[in-house]
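Participant: Make a model of the complete structure from these sequences and hints.
The sequence shown begins at 1 in our numbering and counts up one residue at a time.
Honestly, I wouldn't trust all of these hints.
The calculated DMTMM-like cross-link candidates involving lysine to aspartate or glutamate, where the alpha carbons are at most 25 Å apart (straight line), are [unchecked claim]:
#  : residue 1 : residue 2
1  : K330      : E141
2  : K330      : E17
3  : K93       : E137
4  : K554      : D536
5  : K229      : D313
6  : K260      : D310
7  : K229      : E249
8  : K142      : D310
9  : K93       : D358
10 : K584      : E640
11 : K243      : D211
12 : K554      : E668
13 : K93       : D343
14 : K569      : D510
15 : K569      : E643
16 : K499      : D510
17 : K260      : D175
18 : K670      : E643
19 : K551      : E391
20 : K260      : E202
21 : K465      : D545
22 : K229      : D310
23 : K355      : D212
24 : K551      : D510
25 : K264      : E135
26 : K355      : D510
27 : K264      : D174
28 : K551      : E447
29 : K142      : D313
30 : K499      : D284
31 : K330      : D536
32 : K465      : D442
33 : K283      : E668
34 : K584      : E605
35 : K499      : D639
36 : K330      : E135
37 : K499      : E640
38 : K554      : E640
39 : K356      : D310
Source of the hints: derived by calculation from the structure; they are not laboratory data.
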Amino acid sequence: MEGCYVTRMRCGMCGFELPPNSCPIKLADGARLVDVWNPREVVIAQRMPTSRPYDTEIHEKEVTHRKPGWRMDINSFANSAERGCLSCLSIHKVLDAYRRQAPQVRQELSRITYSAINILHWSHLEDGLHKSQAEFEFFHEKGVEGPASIGARNLLPGNTESESTLNRLRNWLDDCVSNHSKCGHAVTAHRPTRLLHIHSLEPTPYISLVDDCSNVENYVCLSHCWGSKLPVCLTQSNLLEFKTEIPWELLPNLFRDALKLTVKLGFQYIWIDSLCIMQDNVKDWHREAASMSTIYQNARLTISASKSRDSCDSLFSQASSLHTSNEVTKVNDCTIYLRKYLDHPSWPSSHIQNKKADLPLLARAWVYQERLISPRTIHYTANELVWECREELLCECSTCGTDKIFPMPKVSHQDLFMAPSVEVSEVMRRWNFIVHEYSGLDLSFAEDRLPAISGIARQMHGSFKHLLGNYVAGMWTQTILNTISWQLSLAPLARPHPKFAPTWSWASVDGCVYINSFEYADWVDEKICKHMEFLDFSVEPAGPDDFGMLKSAKVRVRGSFFAGTLEYKRYDILDKTVCKVITKSIRENFLPDYAFFDPGPDHIEKGTAVYCLRIGLQEVDCDHYAVKDLVLRCVSEEDELYERIGIVHVTHVHISGSWFSATDALAEQKVITLI
1 MEGCYVTRMR CGMCGFELPP NSCPIKLADG ARLVDVWNPR EVVIAQRMPT SRPYDTEIHE
61 KEVTHRKPGW RMDINSFANS AERGCLSCLS IHKVLDAYRR QAPQVRQELS RITYSAINIL
121 HWSHLEDGLH KSQAEFEFFH EKGVEGPASI GARNLLPGNT ESESTLNRLR NWLDDCVSNH
181 SKCGHAVTAH RPTRLLHIHS LEPTPYISLV DDCSNVENYV CLSHCWGSKL PVCLTQSNLL
241 EFKTEIPWEL LPNLFRDALK LTVKLGFQYI WIDSLCIMQD NVKDWHREAA SMSTIYQNAR
301 LTISASKSRD SCDSLFSQAS SLHTSNEVTK VNDCTIYLRK YLDHPSWPSS HIQNKKADLP
361 LLARAWVYQE RLISPRTIHY TANELVWECR EELLCECSTC GTDKIFPMPK VSHQDLFMAP
421 SVEVSEVMRR WNFIVHEYSG LDLSFAEDRL PAISGIARQM HGSFKHLLGN YVAGMWTQTI
481 LNTISWQLSL APLARPHPKF APTWSWASVD GCVYINSFEY ADWVDEKICK HMEFLDFSVE
541 PAGPDDFGML KSAKVRVRGS FFAGTLEYKR YDILDKTVCK VITKSIRENF LPDYAFFDPG
601 PDHIEKGTAV YCLRIGLQEV DCDHYAVKDL VLRCVSEEDE LYERIGIVHV THVHISGSWF
661 SATDALAEQK VITLI
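Facilitator: Shown next as structure tokens:
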């Protein structure tokens, strides 16, 4: 009949269409509208009258009416489901499954908000102290026409060993090899000393170790966690046996899976560190560690067992039901799904440490250069595959391919090497970034601090030696006056023993390092006054690799030098020890490099004589400066040997009546050696 129409209603909770004759919405007390982006939310909420979501008539096809800001709890969806909303029923099932898998969630300390039209954000406190959060994403399948306000994503196969996942990996690899100029695979003369040759897997596995790889064109690498359970290793005693055949039953699950994947991708050779480096031969280990950059750089693909804790785990996994596609409703014949938002491998070390439980491999320091140098890496995570090459970051769920919010240092790193010309400031910023990221990762052995980054250092040395100079203990001679101003990002720890790096290098400390330097380009500016002059250096490597372990490394410098006294005090309420340098006329806080105030072999008593060496002075604004001084302890007065114990970093000081002017009057020009 002309002019007649059927009124349809939209649920005020989930935003999707309600079944006919549904009851009005009923909510638990406390649901209200707040601004989820405003840090002063609590104050605002106290001024606002309580508001409740309400059902509305549908006048358009799009799901665009839902606004971020409704604060709810899981019972709100349960109540809406009881009144007849089938979409809220589906959402409640997903949220309830998460609550059952996360027993630390306390209902009275949690809240659920729409942080975006298609994102459901659940934040909660664990035991009232530690904040945690989870995000759930509404989406429709890619390739299907659906509401523009609901994003399009791929459905996950549910198993990373599935045929569809393998086909996707093959497509990524083929596309990269064929079309990516930055990832171009140039066959070079250098090949690994040894590789595993997969002669066959069916019907009987036959794998052997080969030590003549000159005719091998393509191979893959495996990047994996050793963990507490040591994998099978190559030793001097089993070398001959493994060259004949490596018994299949000796190989752990992870290695077997990697071999199977290698064959399915069409390769016959794979490099696995524990089976291609003799683990009981120091000379062999040093030689192979020095070749690490070329091994990964020349690999066709690096298989990253990102979610596996050790070699006993499988490379593959079954996706959690929370991360597979849970159907919520249909909008104009388009199915809308909900799943827990998938975490993806990231680069900032702070983010990686937060994801250590899910991606333990990426928290390992050795893996940093494997990941950065490899032209292509495929990450096997708990729920999906993530592809990372020098041009793209892709994932099975397609989030990485659509949201350009993921940092891609692998891309910017390669861009630096492909640029027709670069400034020294660009190269130094890249190295400072690498040091910051790398130093925040985990090492089982302190002596690996320099070897585990030597591949990247060798790569940069090969391309930028004319800008950087010589590589010395994690730093560069041409820019040492810039990078020597490094400092710890977090509280100091005990100094590693025995010492494997000189105290003036960031590699001598345990923990994440931030090179809070003056911009290198500014050194030539009139606003910068250099006080330290680099004279020369001497290095004694511990092995054949100048980029690896060191016996000693010294630098001789000239600069403004003055004496003081060490003082420190523990403040339990701050869980912090404050350290000071005291001179005749002034005192100033400094940042310690290690916990010398705690008992131990490196303990330094209060009142000990210390010395400051001025790094430089930078004008911040009119008549205000930033001052940086190394804090040193004398090791030998006769030889003028000093070791670094911290750094003074004073910002916005006035040129007169300040730390600078008071200490400048005390300073003398002196040549000393830092060890």
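Participant: Okay, which hints does this one fail, numbers in order?
Facilitator: 8, 19, 23, 25, 29, 31, 32, 33
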